[in-house]
Amino acid sequence: MTKRSLDISGMSRRDFLRYTALGSTAAFMAACAAPAAPTTSNGAAPAAAPAAADAPAAAAGGPKQGGTMTWMGHQEVSGLGPDNTGPTVEWVMVVNIHDPLVDLDEYNQIEMVLAKSVDISPDGLTYTFKLHEGVKFHDGSDFSAEDVKYTYDFYRNPDNGMSIAGNFTGVDSVETPDKYTVVVNMSDVNAASLTTGWGGTPIVQSKYHAEVGEDKYRTAPIGTGAYKLKEWRPAEFTELEAFDDHFRGRPNIDILRQDVVPEPSVRMIALQSGEADSAVWPLLVEDSLLLEADDGYVVFRTLSNSIKHFPLNLTVPALSDKVVRQAMMHALDRQRIIDDLWNGAADIAHSNLVTASPYHNFDLPQYDFDPAKAAAMLDEAGWVVGADGIRAKDGVPISFTCTTITGDQARRPIAELAQQMFKEVGIDMQLEEAPVASILQSMREGTMECSLYNWTYGQAAEPDPFSTLHSTGGNNFSRINNPHLDELIEEGLKHVSFEERKPYYDEIQEIFVDEVPALYLQFDQWMNVFNTRIKGLPENPLNSDMYRQAYKWWIDEG
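FYI, in this note's numbering the residues of the sequence shown are 31 to 588.
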């Protein structure tokens, strides 16, 4: 089978998919000559953004070495391995410790990292990567194809129970013809392979990981990233130090530290006092707006891919009734939540995909705020209001517990307001708190009834929701098990062209809206704040993934 060499550095996902769909050199050259511009939700082209690699040169004075950059997260960092990339506060640390073969940057551009090139067969079933030579791990050992094969084989193995195993859908085998060549053979096309799929998996030091195991590795990782672990206290801070032998050059900033600061008001004070340089998890909206008006800060606004939502455990008897879940959607005044509790800086969610996604289905039914309709639906379904004001059916009350993240001052008020709204239609939602690591583990295991946080069920750049909506997905918090939905998710990955894929994701969204596995509230306007002493930051990023580029930044007190 003939293969064509493809340099995807700087290619947009759209151009990459166009190439793999058509399988022709001419199409690839045309895509490179005239890349398709990304569009906003109204179809207008946004202002052009520079390539991420060019951003540091735009700052006056040039890069400087030294100093400590302090970030803040809102919850503990429970682990530092590839399987810990779900929560934002863990992701920002993991991607600075490790490198993948390819990445999707803050401009939604595919960039080469540990791979210097990739050949993709015309049928999209064979990926041949040529790796950079001379790359070192933090322990001084050499990076090679064996590390890639080991990483992929371990994290895709269902027996290992990794939450990212679904990213490897379609991968049949991984071969290493020589020390710096990796061949990934696919049983089926996976259109997300190099965007949000397996190509972006952080690579581990194989011998070390095999020796210590996953549980130990996630506490003491060894990657090829620009920073290596210095000290880790899960509920207090994580501190990384510059890796002098990083293959892209030593990072400019000596120490990268993330403090765990659950209270947004305390994060705000730390930014104002100069104790911190950025909050990887946003502040309260009103505080971000204050800093946006201050010349001492840079605030990036991007529309989040993650839904602020109540994931519901569908194995709970009362929550297993679709009518109950639909009624709860009508009982929620989502616009009030956005206006009163989020300062208006969010869009109501009408599916699992943000409206900026070209795959968003605009023909879906919507759940308008209508408590009378919610009550009527429950009446018709046989859920009768009892003397205590709580509805029940066949002895089963509509009563469940929502566990919010300990210290989450931003989202806890949403849960409290929703509690009142549900009570008005005869639904009892109790509130508890727990650390996020406990919540994620319990939701994945199906031992928790409900929670409230942000999570991604498909992105603007890649609509695949395998991890969260497939019955075998590692983050299937709702425990949804719909064979037809599984089939659609699997088939959607097998098609590369937009025209072929979109019908699958249209129907996936239809099922999501009808089944309501989660009470979907809003897509936030993400606001990431930086002290202006941090230089080399990107200009006009399209998403909030800029933290993986920290090795390019520097500190300038002037």
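The set of hints was computed from the structure by calculation and includes no laboratory data. Check before you lean on any hint, since a few could be wrong.
To be verified - Calculated lysine-lysine pairs in the DSBU-like style (CA-CA distance at most 30 Å, straight line):
id, residue 1, residue 2
1, Lys209, Lys94
2, Lys246, Lys209
3, Lys160, Lys209
4, Lys352, Lys403
5, Lys453, Lys532
6, Lys146, Lys166
7, Lys532, Lys352
8, Lys209, Lys166
9, Lys94, Lys179
10, Lys524, Lys453
11, Lys532, Lys423
12, Lys160, Lys237
13, Lys146, Lys160
14, Lys166, Lys179
15, Lys146, Lys179
16, Lys237, Lys209
17, Lys260, Lys352
18, Lys146, Lys524
19, Lys260, Lys237
20, Lys179, Lys237
21, Lys453, Lys179
22, Lys260, Lys179
23, Lys524, Lys160
24, Lys237, Lys352
25, Lys94, Lys260
26, Lys453, Lys403
27, Lys246, Lys179
28, Lys246, Lys352
29, Lys179, Lys209
30, Lys246, Lys260
31, Lys403, Lys423
32, Lys209, Lys146
Quick caveat, the model's predicted, so the values are computed rather than measured.
Now for the hints, and whether the structure bears them out:
For the hint pairing Lys209 with Lys94, the CA-to-CA distance comes to about 36 Å; that exceeds 30 Å, so the pair is violated. Of the pairs offered as hints, the one joining Lys246 and Lys209 holds, with about 27 Å between alpha carbons and a cut-off of 30 Å not exceeded. For a cut-off of 30 Å, the pair hint linking Lys160 to Lys209 stands: about 10 Å separates their Cα positions. For a cut-off of 30 Å, the pair hint linking Lys352 to Lys403 stands: about 15 Å separates their Cα positions.
Taking the CA atoms of Lys453 and Lys532, the gap is near 39 Å; set against the 30 Å cutoff, the hint is violated. For the suggested pair Lys146 and Lys166, the alpha carbons sit about 15 Å apart, so the restraint of at most 30 Å is met. Restraint check for Lys532 and Lys352: satisfied, since their Cα atoms lie roughly 26 Å apart, inside the 30 Å limit. Restraint check for Lys209 and Lys166: the C-alpha separation of about 14 Å stays at or below 30 Å, so the hint holds.
Proximity of Lys94 to Lys179 is assessed by CA-CA distance (about 37 Å); at most 30 Å being required, the pair is judged violated. Taking the CA atoms of Lys524 and Lys453, the gap is near 44 Å; set against the 30 Å cutoff, the hint is violated. Of the supplied pair hints, the one linking Lys532 and Lys423 is violated, its CA atoms being roughly 40 Å apart against a limit of 30 Å. Distance hint between Lys160 and Lys237 is fulfilled; the C-alpha atoms sit about 21 Å from each other, no more than 30 Å.
Taking the CA atoms of Lys146 and Lys160, the gap is near 6 Å; set against the 30 Å cutoff, the hint holds. A distance of roughly 17 Å separates the Cα atoms of Lys166 and Lys179; the hinted pair therefore holds under the 30 Å criterion. Distance restraint check for Lys146 and Lys179: the Cα-Cα separation of roughly 17 Å lies within the 30 Å cut-off, and the hinted pair is therefore satisfied. With a C-alpha separation of about 15 Å, the suggested pairing of Lys237 with Lys209 holds against the 30 Å cut-off.
Under the criterion of a C-alpha separation no larger than 30 Å, the hint pairing Lys260 with Lys352 is inconsistent with the structure, at around 49 Å. A C-alpha spacing of about 26 Å is found between Lys146 and Lys524, which places the hinted pair at or below 30 Å, so the restraint holds. Restraint check for Lys260 and Lys237: the C-alpha separation of about 21 Å stays at or below 30 Å, so the hint holds. Straight-line distance between C-alpha atoms of Lys179 and Lys237 comes to about 12 Å, which keeps the hinted pair within the 30 Å bound.
At roughly 53 Å between alpha-carbon atoms, Lys453 and Lys179 are farther apart than 30 Å, so this suggested pair is violated. Taken as a hint, the Lys260 and Lys179 pair is honoured in the structure, with Cα atoms around 27 Å apart against an allowance of 30 Å. Simply put, Lys524 and Lys160 have alpha-carbon atoms about 24 Å apart, close enough for the 30 Å limit, and the pair holds. Taken as a hint, the Lys237 and Lys352 pair is broken in the structure, with Cα atoms around 48 Å apart against an allowance of 30 Å.
For a cut-off of 30 Å, the pair hint linking Lys94 to Lys260 stands: about 22 Å separates their Cα positions. Taking the CA atoms of Lys453 and Lys403, the gap is near 15 Å; set against the 30 Å cutoff, the hint holds. Proximity of Lys246 to Lys179 is assessed by CA-CA distance (about 20 Å); at most 30 Å being required, the pair is judged to hold. Distance restraint check for Lys246 and Lys352: the Cα-Cα separation of roughly 41 Å exceeds the 30 Å cut-off, and the hinted pair is therefore not satisfied.
Proposed proximity of Lys179 and Lys209 is supported: the alpha carbons are some 11 Å apart, at most 30 Å. Straight-line distance between C-alpha atoms of Lys246 and Lys260 comes to about 16 Å, which keeps the hinted pair within the 30 Å bound. Simply put, Lys403 and Lys423 have alpha-carbon atoms about 18 Å apart, close enough for the 30 Å limit, and the pair holds. Taking the CA atoms of Lys209 and Lys146, the gap is near 14 Å; set against the 30 Å cutoff, the hint holds.
Of the hints listed earlier, those the structure fails to meet are numbers 1, 5, 9, 10, 11, 17, 21, 24, 28, in rising order.
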